[in-house]
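Student: One letter stands for each residue in the lines below.
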Amino acid sequence: MNARQQAFLRQALSDWDMYSNLAGRRASIGGKTLAWLRRTLRLPAGPRDWQAKPVCHSLHYLQMATEKLAKAYFTTLPKKHLGLMKLLTALSTNAKAVRHLGFASLADLDAWVTSAAAVGDAVEKLAPALAGAGPNAEYPWPPGAELTAPVDHPFQVEFFTKLTAQAASGQPPFLEVVERMTATLGSWCQ
Amino acid sequence: MPELTQRASPRMNCDDFAHWIAQKHLAIDPAIREIHYLPTNAAAREVRLLEVNTRLAVPGTLGPVEPVDFMPDIDGLDFTLLVADVTPEEWEAIRRRELPLPDGWVLDEHAQTFGRQRP
Numbered sequence: 062m063n064a065r066q067q068a069f070l071r072q073a074l075s076d077w078d079m080y081s082n083l084a085g086r087r088a089s090i091g092g093k094t095l096a097w098l099r100r101t102l103r104l105p106a107g108p109r110d111w112q113a114k115p116v117c118h119s120l121h122y123l124q125m126a127t128e129k130l131a132k133a134y135f136t137t138l139p140k141k142h143l144g145l146m147k148l149l150t151a152l153s154t155n156a157k158a159v160r161h162l163g164f165a166s167l168a169d170l171d172a173w174v175t176s177a178a179a180v181g182d183a184v185e186k187l188a189p190a191l192a193g194a195g196p197n198a199e200y201p202w203p204p205g206a207e208l209t210a211p212v213d214h215p216f217q218v219e220f221f222t223k224l225t226a227q228a229a230s231g232q233p234p235f236l237e238v239v240e241r242m243t244a245t246l247g248s249w250c251q
Numbered sequence: 049m050p051e052l053t054q055r056a057s058p059r060m061n062c063d064d065f066a067h068w069i070a071q072k073h074l075a076i077d078p079a080i081r082e083i084h085y086l087p088t089n090a091a092a093r094e095v096r097l098l099e100v101n102t103r104l105a106v107p108g109t110l111g112p113v114e115p116v117d118f119m120p121d122i123d124g125l126d127f128t129l130l131v132a133d134v135t136p137e138e139w140e141a142i143r144r145r146e147l148p149l150p151d152g153w154v155l156d157e158h159a160q161t162f163g164r165q166r167p
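Chains A and B, in that order, give the protein sequences. Count along the first sequence from 1, then add 61; that gives the number in the working numbering. Count along the second sequence from 1, then add 48; that gives the number in the working numbering.
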């Protein structure tokens with residue numbers, strides 16, 4: 062990795078840490094995060110509870126972490142947007158990543174990439190620049206008539222339904238593999 | 049031509065690899081509308097792709113067209129894969145010769161277009 066890639070990876074690691082905290086990935090019961098349980102069971106939480114914060118904040122950090130992972134992966138950085146979908150596409154032909162991400166073969170990694178594509182696309186569209194007139198994790202929408210704020214939106218259709226469907230596909234869950242990417246990317250990119 | 053379901057083969061030539069990898073990219077990324085393979089002037093074992101990507105569209109802005117090294121690492125294959133994303137608007141400007149391609153890239157009669165396979 063060159064110095065630019067290393068800088069993006071350091072920031073991706075920190076963004077992922079923020080995401081993990083905000084999404085409650087470090088607090089779980091029976092394999093389910095407290096954030097997921099609260100959302101599913103509609104349980105209230107105290108105002109000092111990180112996991113009680115609107116989901117837009119954790120999703121914002123998830124989008125930022127994955128975009129920086131992509132920027133850390135490639136040796137050159139175009140001026141144009143380069144995000145998670147480019148990283149996923151490149152991963153499907155990267156044998157070096159197979160073992161680090163917990164797969165047995167490149168075919169298995171390729172199959173996971175296919176299963177994760179809809180979630181990856183949803184993550185990229187959390188960025189305001191790519192969301193068009195639809196929901197994004199940062200700014201009220203639609204542009205020009207901003208009446209809906211991210212804090213008011215559950216992102217169920219845009220993100221969580223796709224995340225759940227991917228996890229139910231039998232492939233390793235999207236977030237588990239992204240977590241391995243953040244931890245190991247330095248070992249399998251150029 | 050190899051089908052998407054087939055694995056990459058060491059016997060693939062550049063044209064076969066370009067077709068195979070283009071179908072793979074189209075299958076993974078729903079925002080890629082079509083892919084143009086530009087073989088003219090490419091180095092040996094180098095595959096150059098222009099991917100027309102609707103996710104990137106910012107109305108009224110064009111270029112520059114910059115390739116990214118996709119660094120494929122597949123046993124038995126030694127191709128270099130360079131991919132440049134363009135918006136649909138940029139693709140039209142490239143066709144009209146109003147937006148330059150990266151140095152050495154050529155859009156001519158040898159270019160091939162890969163689109164989505166119909167179900």
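If you're looking for bench data, these hints aren't it; they were derived computationally from the structure. There could be a bad hint or two in this list.
[As the list claims (entries may be wrong)] Here are the in silico distance ranges between beta carbons for each label pair:
#, chain 1, residue 1, chain 2, residue 2, range
1, B, Pro87, A, Arg103, 51 to 61 Å
2, A, Arg160, B, Arg59, 25 to 35 Å
3, B, Asp156, A, Arg71, 35 to 45 Å
4, B, Ala159, A, Leu104, 54 to 64 Å
5, B, Thr102, A, Thr209, 35 to 45 Å
6, B, Ala159, A, Thr209, 40 to 50 Å
[Claimed, not checked] Here are some chain B residues the structure puts well away from chain A; computed CB gaps all over 12 Å:
#, residue
7, Arg59
8, Asn61
9, Asn89
10, Arg93
11, Pro115
12, Asp117
13, Asp123
14, Thr135
15, Glu140
16, Asp156
17, His158
18, Gln160
[What the hints assert, rightly or not] Computed footprint of chain B on chain A; a stretch qualifies when at least three of its residues, placed anywhere within it, have a C-beta under 8 Å from a C-beta of chain B:
#, stretch
19, 74-84
20, 130-143
21, 151-158
We treat Cβ as the ideally placed atom computed from N, Cα and C, and that holds for glycine.
Student: The structure should be examined with respect to each hint, and the outcome stated for every one.
Tutor: Do the hints match the structure? See the list:
no. : hint                            : in the structure
1   : B/Pro87 x A/Arg103: 51 to 61 Å  : 57 Å, holds
2   : A/Arg160 x B/Arg59: 25 to 35 Å  : 26 Å, holds
3   : B/Asp156 x A/Arg71: 35 to 45 Å  : 43 Å, holds
4   : B/Ala159 x A/Leu104: 54 to 64 Å : 58 Å, holds
5   : B/Thr102 x A/Thr209: 35 to 45 Å : 24 Å, violated
6   : B/Ala159 x A/Thr209: 40 to 50 Å : 44 Å, holds
7   : Arg59                           : 17 Å, holds
8   : Asn61                           : 17 Å, holds
9   : Asn89                           : 20 Å, holds
10  : Arg93                           : 15 Å, holds
11  : Pro115                          : 8 Å, violated
12  : Asp117                          : 6 Å, violated
13  : Asp123                          : 6 Å, violated
14  : Thr135                          : 9 Å, violated
15  : Glu140                          : 16 Å, holds
16  : Asp156                          : 24 Å, holds
17  : His158                          : 24 Å, holds
18  : Gln160                          : 19 Å, holds
19  : 74-84                           : violated (count 0)
20  : 130-143                         : holds (count 8)
21  : 151-158                         : holds (count 6)
Hint check: violations occur at hints 5, 11, 12, 13, 14 and 19; the rest are consistent with the structure.
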